[in-house]
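Q: Make a model of the complete structure from these sequences and hints.
There are 2 protein chains.
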Amino acid sequence: MNYCSQCGATVIQRIPPGDNLPRYVCDSCGAVHYQNPKIVAGCIPEWEDRILLCRRAIEPRRGYWTLPAGFMENGETTQAAAAREAHEEAGAVMEEMSLYGIFNLPHISQVYTMFRGRLGGGQAHPGSESLEVELFTEADIPWRELAFPVVRETLELYFDDRRQGVFEVHVGDIIRHPDQRLEIRRY
Amino acid sequence: MNYCSQCGATVIQRIPPGDNLPRYVCDSCGAVHYQNPKIVAGCIPEWEDRILLCRRAIEPRRGYWTLPAGFMENGETTQAAAAREAHEEAGAVMEEMSLYGIFNLPHISQVYTMFRGRLGGGQAHPGSESLEVELFTEADIPWRELAFPVVRETLELYFDDRRQGVFEVHVGDIIRHPDQRLEIRRY
Chain A
1 MNYCSQCGAT VIQRIPPGDN LPRYVCDSCG AVHYQNPKIV AGCIPEWEDR ILLCRRAIEP
61 RRGYWTLPAG FMENGETTQA AAAREAHEEA GAVMEEMSLY GIFNLPHISQ VYTMFRGRLG
121 GGQAHPGSES LEVELFTEAD IPWRELAFPV VRETLELYFD DRRQGVFEVH VGDIIRHPDQ
181 RLEIRRY
Chain B
1 MNYCSQCGAT VIQRIPPGDN LPRYVCDSCG AVHYQNPKIV AGCIPEWEDR ILLCRRAIEP
61 RRGYWTLPAG FMENGETTQA AAAREAHEEA GAVMEEMSLY GIFNLPHISQ VYTMFRGRLG
121 GGQAHPGSES LEVELFTEAD IPWRELAFPV VRETLELYFD DRRQGVFEVH VGDIIRHPDQ
181 RLEIRRY
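Protein chains in written order, with the numbering used here: chain A, 1 to 187; chain B, 1 to 187.
To be clear, the hints were calculated from the coordinates, so they are not data collected in a lab.
Check before you lean on any hint, since a few could be wrong.
[Said to hold, decoys possible] Here are some of the chain B residues that sit facing chain A, going by a computed Cβ distance under 10 Å:
{"hint": "1", "residue": "Ile-15"}
{"hint": "2", "residue": "Gly-18"}
{"hint": "3", "residue": "Ile-175"}
{"hint": "4", "residue": "Arg-176"}
Just so you know, even glycine gets a beta-carbon here, dropped at the ideal spot from N, CA and C.
A: Spelled out as structure tokens, the structure:
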């Protein structure tokens, strides 16, 4: 951030009075520009013993498989955002959705809210951000070609739960350390 | 938003190619400025049969009672943000936290993530944003002086759960319609 989005003057980074973190501050109009984490809302679409994955048509991780998910928009609920992403990326109509987990990715300031639900009619087709969509049994999941650690983590928890016959709501942290080491914490 | 925070040129609102919602776009440097919901992280601090509330020292709703909660910061996890807010607003040290619910407030583009947990040592004192802090039994909760509908909703669900002896993870929508009517949806 270089300029104030309100008045166009140059901003500087400084801790405002009464605050304890540096913010982008405009000394011309007084605006403080906060930057906050973003929510990614996604789905585990279920059909019989299979779940739906999308192969990404866009960067990052083009060509790799993911659960349908994307940035939540203003004015939405998390579950509406998750259902919208499943529709946009896979032509999927989600039914009977329930919260499956929230996953914190503090190194990129994102929080994933994941819902599971039935894939209406078992029907799906690739949207503009997907090369293909496919229903996978647990045995057929392309574990080595998953797009993101949060997708692997969600799928591992999901199949563990399914084997035990109880779906809990999970909280997890997925942390990429500066040395690139990945740390997974489950609560 | 009036000016591009990257290059300082005037922005306009327009649907970018491949998108389906209007965004603030800079035709000078090409930046697209997305605006997304914010996460508010909060706690239900428990001590024996009582829970901790804070009386707000700041607007909005100065003088009204709330659960400790505030905007999540970049680089945090949701549970760390909730614990930090409890410490800042009430000097509280939270222990054994678990996810209690996520509540969507689409009319103001906020998502509350609420955690319950033990108030360490039963100790609390008002931080700079609180006039006072106090432990309340269910019978003593100041229901008519609660700051926000999401606080009421969280407390109602919490005491229902406690009476039944089972704490579930809740998902709820708290919607203020244009005619000011409040709608609560529970999932």
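Q: Go through the numbered hints given earlier and state which of them the structure violates, listing their numbers in rising order.
A: 1, 4
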